[in-house]
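So the sequences go chain by chain: V and C. Going by my numbering, the first sequence opens with residue 3, and the numbers climb by one from there. Going by my numbering, the second sequence opens with residue 3, and the numbers climb by one from there.
Some hints could be false.
Since the list gives no way to pick out one identical chain from another, each pair is judged satisfied if it fits inside one copy or across any two copies.
[Unchecked claim] Cut-off 20 Å, straight-line C-alpha distance, at most; resulting in silico cross-link-like pairs (EDC-like, lysine to aspartate or glutamate):
no. : residue 1 : residue 2
1   : Lys227    : Asp169
2   : Lys123    : Asp312
3   : Lys27     : Asp307
4   : Lys323    : Asp169
5   : Lys204    : Glu254
6   : Lys104    : Asp364
7   : Lys168    : Glu38
8   : Lys373    : Asp306
9   : Lys204    : Asp175
10  : Lys181    : Glu199
11  : Lys374    : Glu223
12  : Lys8      : Asp134
13  : Lys40     : Glu132
14  : Lys228    : Glu254
15  : Lys123    : Glu315
16  : Lys230    : Glu369
Hints were generated in silico from the structure; no laboratory data involved.
If you want the building blocks of each chain, they are given just below.
Number of protein chains: 2
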Amino acid sequence: MADKNKVKVRVSEREKEKPKDIAKKIKGLAEGVVQEIKKHKDPTFITMQRGKGNVEFDEAQGFIVLGEKSTTRNFLNIGHARKFMQTMMVMAKSHNYLNENKTASIREIYYELKHTLGTTKENTFEEQSESDACIVDLEHAIDSIREKLNLHANPKGTLYGDITLKDRMHNNDTFNAAKLGRGGWSIMSRLEPDEIEIVSCKADYVLVIETEAMFERLIEEGFAKKHKAILIGTGGQAARGTRRLVHRLHTEEKLPVYVFTDGDPYGWYIYSVIKQGSMALAAHSEFLACPNAKYIGMTLEDVDDYKLQDVTEKMKDGDIKRAKEMLDYPWFQNKPWQNELKMALDRKIRIEQQALAHRSLDFVAKEYLPKKIKNEVFLP
Amino acid sequence: MADKNKVKVRVSEREKEKPKDIAKKIKGLAEGVVQEIKKHKDPTFITMQRGKGNVEFDEAQGFIVLGEKSTTRNFLNIGHARKFMQTMMVMAKSHNYLNENKTASIREIYYELKHTLGTTKENTFEEQSESDACIVDLEHAIDSIREKLNLHANPKGTLYGDITLKDRMHNNDTFNAAKLGRGGWSIMSRLEPDEIEIVSCKADYVLVIETEAMFERLIEEGFAKKHKAILIGTGGQAARGTRRLVHRLHTEEKLPVYVFTDGDPYGWYIYSVIKQGSMALAAHSEFLACPNAKYIGMTLEDVDDYKLQDVTEKMKDGDIKRAKEMLDYPWFQNKPWQNELKMALDRKIRIEQQALAHRSLDFVAKEYLPKKIKNEVFLP
Numbered sequence: 003m004a005d006k007n008k009v010k011v012r013v014s015e016r017e018k019e020k021p022k023d024i025a026k027k028i029k030g031l032a033e034g035v036v037q038e039i040k041k042h043k044d045p046t047f048i049t050m051q052r053g054k055g056n057v058e059f060d061e062a063q064g065f066i067v068l069g070e071k072s073t074t075r076n077f078l079n080i081g082h083a084r085k086f087m088q089t090m091m092v093m094a095k096s097h098n099y100l101n102e103n104k105t106a107s108i109r110e111i112y113y114e115l116k117h118t119l120g121t122t123k124e125n126t127f128e129e130q131s132e133s134d135a136c137i138v139d140l141e142h143a144i145d146s147i148r149e150k151l152n153l154h155a156n157p158k159g160t161l162y163g164d165i166t167l168k169d170r171m172h173n174n175d176t177f178n179a180a181k182l183g184r185g186g187w188s189i190m191s192r193l194e195p196d197e198i199e200i201v202s203c204k205a206d207y208v209l210v211i212e213t214e215a216m217f218e219r220l221i222e223e224g225f226a227k228k229h230k231a232i233l234i235g236t237g238g239q240a241a242r243g244t245r246r247l248v249h250r251l252h253t254e255e256k257l258p259v260y261v262f263t264d265g266d267p268y269g270w271y272i273y274s275v276i277k278q279g280s281m282a283l284a285a286h287s288e289f290l291a292c293p294n295a296k297y298i299g300m301t302l303e304d305v306d307d308y309k310l311q312d313v314t315e316k317m318k319d320g321d322i323k324r325a326k327e328m329l330d331y332p333w334f335q336n337k338p339w340q341n342e343l344k345m346a347l348d349r350k351i352r353i354e355q356q357a358l359a360h361r362s363l364d365f366v367a368k369e370y371l372p373k374k375i376k377n378e379v380f381l382p
Numbered sequence: 003m004a005d006k007n008k009v010k011v012r013v014s015e016r017e018k019e020k021p022k023d024i025a026k027k028i029k030g031l032a033e034g035v036v037q038e039i040k041k042h043k044d045p046t047f048i049t050m051q052r053g054k055g056n057v058e059f060d061e062a063q064g065f066i067v068l069g070e071k072s073t074t075r076n077f078l079n080i081g082h083a084r085k086f087m088q089t090m091m092v093m094a095k096s097h098n099y100l101n102e103n104k105t106a107s108i109r110e111i112y113y114e115l116k117h118t119l120g121t122t123k124e125n126t127f128e129e130q131s132e133s134d135a136c137i138v139d140l141e142h143a144i145d146s147i148r149e150k151l152n153l154h155a156n157p158k159g160t161l162y163g164d165i166t167l168k169d170r171m172h173n174n175d176t177f178n179a180a181k182l183g184r185g186g187w188s189i190m191s192r193l194e195p196d197e198i199e200i201v202s203c204k205a206d207y208v209l210v211i212e213t214e215a216m217f218e219r220l221i222e223e224g225f226a227k228k229h230k231a232i233l234i235g236t237g238g239q240a241a242r243g244t245r246r247l248v249h250r251l252h253t254e255e256k257l258p259v260y261v262f263t264d265g266d267p268y269g270w271y272i273y274s275v276i277k278q279g280s281m282a283l284a285a286h287s288e289f290l291a292c293p294n295a296k297y298i299g300m301t302l303e304d305v306d307d308y309k310l311q312d313v314t315e316k317m318k319d320g321d322i323k324r325a326k327e328m329l330d331y332p333w334f335q336n337k338p339w340q341n342e343l344k345m346a347l348d349r350k351i352r353i354e355q356q357a358l359a360h361r362s363l364d365f366v367a368k369e370y371l372p373k374k375i376k377n378e379v380f381l382p
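I would like the entire structure built from these sequences, with the hints used as guidance.
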């Protein structure tokens, strides 16, 4: 049957910008500031407004996007001056990183730039949240992502399956992620196409898995090989590097993405972030979202179909509140999800993916997943 | 100079027990219970007492050990009966795993065993904490570790460096952890010598690193290759799989272990767990501890030596409380640590490893670590 939720997935044009293009953009911004100073004008820095008021769900693209509202910071405004200075420091430093082929974590750039100004007692930055905010401003000002500024957050996530990657920045190391024993490859915090090349990928789909323990289970059962699947363990909410990798497999390799989480608000949220992106990173969905991703479970229907009543957990107050909010999310405005959320709220139970072990350890690999994939029993 | 803290490190005899030996021990325990029933006696299960009252620091071995106090559970005691039944269930299930060459996470065994008993409304287990406690009882009863019962907790931690591993349970995959790009190998939750073989290891020492971001930094700087180091990123408190790997490198490969954490109570605790083991796992130090490990930093002296005053953080009340407690720990009863802890309490500051970025991104790799290792500037 035709899938009306399916959108045409493509590699973003912005994806193609090289480090030197990004460096040029930063330089352009800086030169603008210099020109304003030379003309004795008030230097300005323009970035985008964030938050709910400037976020929308783009149905055609199938992901969350940032609106058009911009915001201007003036150096000669006592409320803006400190932040203006901080932004210039972050700009200059990331420009250095790009020129020197260095990358840094967002904690490192904070520490590199933090110092006491001249003979004052004033610090350039008091907390990492200040430099983090400047990084976000800069991402929006140059219309790209921090990874392309050679910045990154902490890594998390694991890869397993018949995919061969090449790291151009590390002796052109070329390795297959199905041949690293049962441990798998530790996904880097930053894996831009210029640096990490997908050499080949012999898989039918990507299975994104919430818990590392379930990821290990599926490896032990030989699931990836038998079903030609790429397995990606997120260990909870997916880190940016992991989201970039799933996105690249979805857009570059055109692989279907199935997301396998616990049946609870946290699991649904993990899924929706993989699929549609997040409010906080609305401007970057083009680099991160997988609009055709499907939710493979757990569901309340599974509880009945597979007799898991004994191994459900009670929803806590926080879960119930979250689930109620989710009923209103634009991307859950379809019958299957409305049913799922209402059923969960009605029965007030949640079901973990590891609860499938109640049937037997290999049940998830031998029956649950193959059957659901074969019969396309997904939530959209 | 002779290091009076140095102890002779050896591979434990208990390390050599094979899965069939462990299965035999479990069977022995079960047969004992059957005998007692046949003789119309009250069936008993003997395990070790845990907690502070039965934990001591063994100076000769250089790690924390469990004392001799045992505890007996009787089936015909209303307060013990439920736990007795649960323990028998866990015993039988892990015996199955060993026979079938299966492994399971401690969450999976909980779900496998959880069900409603007969026509009652009584569940075998209500919470994972119940089955976890049975697993600990069983470990002590057979005098081994859960990994040898084919059980494991969640994985966490990353490996990088010139070490070649072979996974005998996965097509004999053989791979070198310096040739996986900058991502490194994702350390499994369970890596027993029978399954994961250290084929070769061309390194001078192991550097255990608290944050994954610092781990990435050292890879980017080419530190491991230049200094023949194995890098292990723990991502906070080290998981059991990671501790097993560090322990194996320390005992099997006789490599020195240097631990690089933040200079604060959490970092010191990470170090002391790697080195001496932990109270909670006192019985398993022989499988986990690295008694000759050294603490390479961060220290308060570093703050002065490397002019990091601007990038220290204030200690919180919880940090101060923790540091005061640590003053009394047996393994910190030496002058260098007493000085360090007192200095921290005096100045009430903490220093993160990433704060070294204040000097420059490559400072840690080019100057800080090489200088400290060359001059043996360690805490014991």
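Structure-inconsistent hints, enumerated in ascending order | Violated hints: 3, 4, 7, 12, 13 and 14; rest satisfied.
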